[in-house]
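Q: Quick note, the sequences are listed as chains A and B, same order. One point on numbering: in this note's numbering, the residue at position 291 of the first sequence is 291, and numbering is uninterrupted. One point on numbering: in this note's numbering, the residue at position 263 of the second sequence is 263, and numbering is uninterrupted.
There could be a bad hint or two in this list.
What the hints assert, rightly or not - Some chain A residues close to chain B (C-beta under 8 Å, calculated; not the full set): (1) GLY68; (2) ASP69; (3) ARG92; (4) PRO95; (5) TRP117; (6) ALA135; (7) PHE163; (8) GLY164; (9) ASN171; (10) GLY248; (11) GLN251; (12) TYR268; (13) VAL271; (14) LYS272; (15) PRO375; (16) ALA378.
Just so you know, the hints here were simulated from the structure itself, not pulled from any lab data. Source: prediction; values computed, not measured. We put the CB at the ideal spot given by N, CA and C, even for glycine.
Residues per chain are reported as follows:
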Amino acid sequence: MKKGKTNPLVTFAASFGLMAFGLGTPAIADENPPLAALGLPSVPTDNAQTPEKIELGKMLFFDSRIGGDASVSCADCHAQKQGWGFNDSLSRGYPGVIHWRNSQTVINSAYLGKLFWTGSAKSLENQAPSAALGAVSGNGERDMVEARLAFIPEYVTRFNQVFGDEWPKVNNVWRAMAAFERTLIVNDTPFDNYMNGDKTALTDQQVRGLALFEGKANCIECHNGPLMTDQKYYNLGIDRAEEWFDNGMAQVTFRYEQYAKGVTEELYRKVKDDAGLYYRTKMTADMGKFRTAPLRYTAYTAPFMHNGKFFDFEEVVDFYNDGGGDNEFTDGTLASNKTPLLKPLNLTDDEKEDLVSFLDSLSGEELRIEIPQLPSYAPLPAVAN
Amino acid sequence: MKKKTSTIASLSVAIALGATLVSPGNAQEFGPVPKAEVDAAKAALGKRLFFDARLSGDSAISCSTCHNPEKGYADGLPLAKAYPGSDGFRNAPTLINAAQKAAWFHDGRLGTNLNDVTRESITETYSMNMDMRLMQERIKQDPVYVEMFAAAGYGEPSNGSVRKAIPEYLKTLTSRGAPFDAGEMTKAATAGFELFKGKAGCAQCHTGPRFTDDTPHNTAVPENPDIWSDPKRHLTYVTFASFMGIENFMNIRRDVGAHIRTHKVDGTDIGKFMTPSLRELSYTAPYMHNGMMASMEDVVAFYNAGGGDDPNKDARLKPLDLSTREQAELVAFLIALSGDPLTGDEFVWPEKVNVNYTPIEDWLNATN
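So that you can see chain A by itself, here it is in the shape it has in the complex (with noise of 0.2 Å):
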């Protein structure tokens, strides 16, 4: 409803936008959208939010039963105590793996396009039965998940309130779950305040980490919007992940994720480092781009970047001041896909401080809730036959 009628007017401004400047002033066209305080996150309109779902998709969330050997939940991957991520560079994955990438925060995932490193989800109810089902992370099975939650009379009522099955049905699983998550926003940041005209949110330090942003740092070139990411793809030169010279199973998963995402053969016998969106679009132009990741909620989600390289703010300031860094995506090995939009700072010690205490602006209170309380199986009433 509240897309149908925002989309006409979006579209509207933007043909007046380039009717009255398009020709004359072409800047206007490349200027980012700006950064602003977040609203609220639209919802789908086939999967509508309501409290009883809300709740299921809580209780799911936090259910080990929809993982292969029961013993894994989105929760695990995704703790609350850990900034609803993974404090590791890479997330622990199911039992017996270790998995290849970063855990992302499931904090204001509502607002974003596509989930995962490389988009490769178009929805959060498309996000959570690739995490739920993949071999390395939950390593569940559909038709076991509705066997599962048939056998708890309690997901059947449920399920059956909520979406009018009469046993639960997995997609419903995923829906329930998007709604959930759709809950976890964090929008009330000392910098939403700021955003929203309350001056005295942002310290004077934090003020000039702002215009540095805005500015001679040129986050913002990325890092727009209110969500502070374009959702686009870049290769920013990060070196690959520490586990893969060291871990055994860690070497394995990265084999795994070659073989499982269809490289050539070629490409499976030489490649060293994550590909990225090269394994969405097989296109050389592609390897080693990852979305520009959101910054809102970081002070509680390091490690950052899709391997987990960076363990702080400085780590990670450090890095662009030095304009990036090389990988074998980069430097020619395998592809020449560098950014050129990082180029060295020059950014003073006071300069980085700064920044830093600027990002710590975009977090706010740790949003933490109580566990549900989990409901048990029970056998079915018996049928004589």
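Since the structure of chain A is provided, determine the placement of chain B on it from the hints.
A: This is chain B only, laid out in the frame that chain A set:
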């Protein structure tokens, strides 16, 4: 494709039934189970894989968890264990002589080869729940396997070769040393064999070197109530039943058996299970597809009573009027069909397979 297979299966059932009705027991001669020709290097590799828990999704179980050499390559439980988070709804069958079967699993749903059986057991969500692409990379990480796959002529470790090597190992699990084969049966056992072929009518289905016609029949073995009272077992059956296309799977409380192959509308194929081999029973109690019979005596008493109670029961099952002594002789004969245990280094990987992964040295310069 599936439908075609089912038609062929039904046809062969009909032929087998026709043959046994005319001349019971003559479909195949009794005798020792023929030894298969085995490639030693491939079988050695298969042996290590069989005992390696890294072949299951969370590395908790190996093939040998449910097919334990100390228990005749079964597990001694009425209903088998399953992958963590699920629980079994059938008895783990012995793997001894499994390479000689015409169809596998109690419902005979795989009638192709052990390559497919291996694939099914490793990948099925309630058995080992393994993505075989991940399995391949796990195996490649182990230098011992890299050497063994090369020595077996498979080149680099691959999931395709795993599915060849494990069957090669299973071919080594052939019965040997049974008194029946050695001609060393007791008087009671010899009398039991005559009853087996004659008055008791066992040989109508239990024929050939493995004492099975490799076809499904309904003998009306009672349902195992644990499947329907234990949610973890029942939900595992529901997972299976929904995938197999069983109608009304939430409301049935019985194991339909070979119905999943033939799907007869009138349901007359419900409750048929593959005739099990009678070899190595001394090691593999309890018996039947659902472990409902604890001893050979129980089984003989069951058939003496004419089997169980089911409208679809095979018409050939009738009370046998065997005396106590005759029943004991039949049991003595059955015991004579068990040979030497297939344990020790020849059959069992001598040490526990380490489920950890050694990092590849100089990984950056190594070819993946």
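Q: Run through the hints listed earlier and report the numbers of any the structure violates, in increasing order.
A: 3, 5, 7, 8, 9, 15
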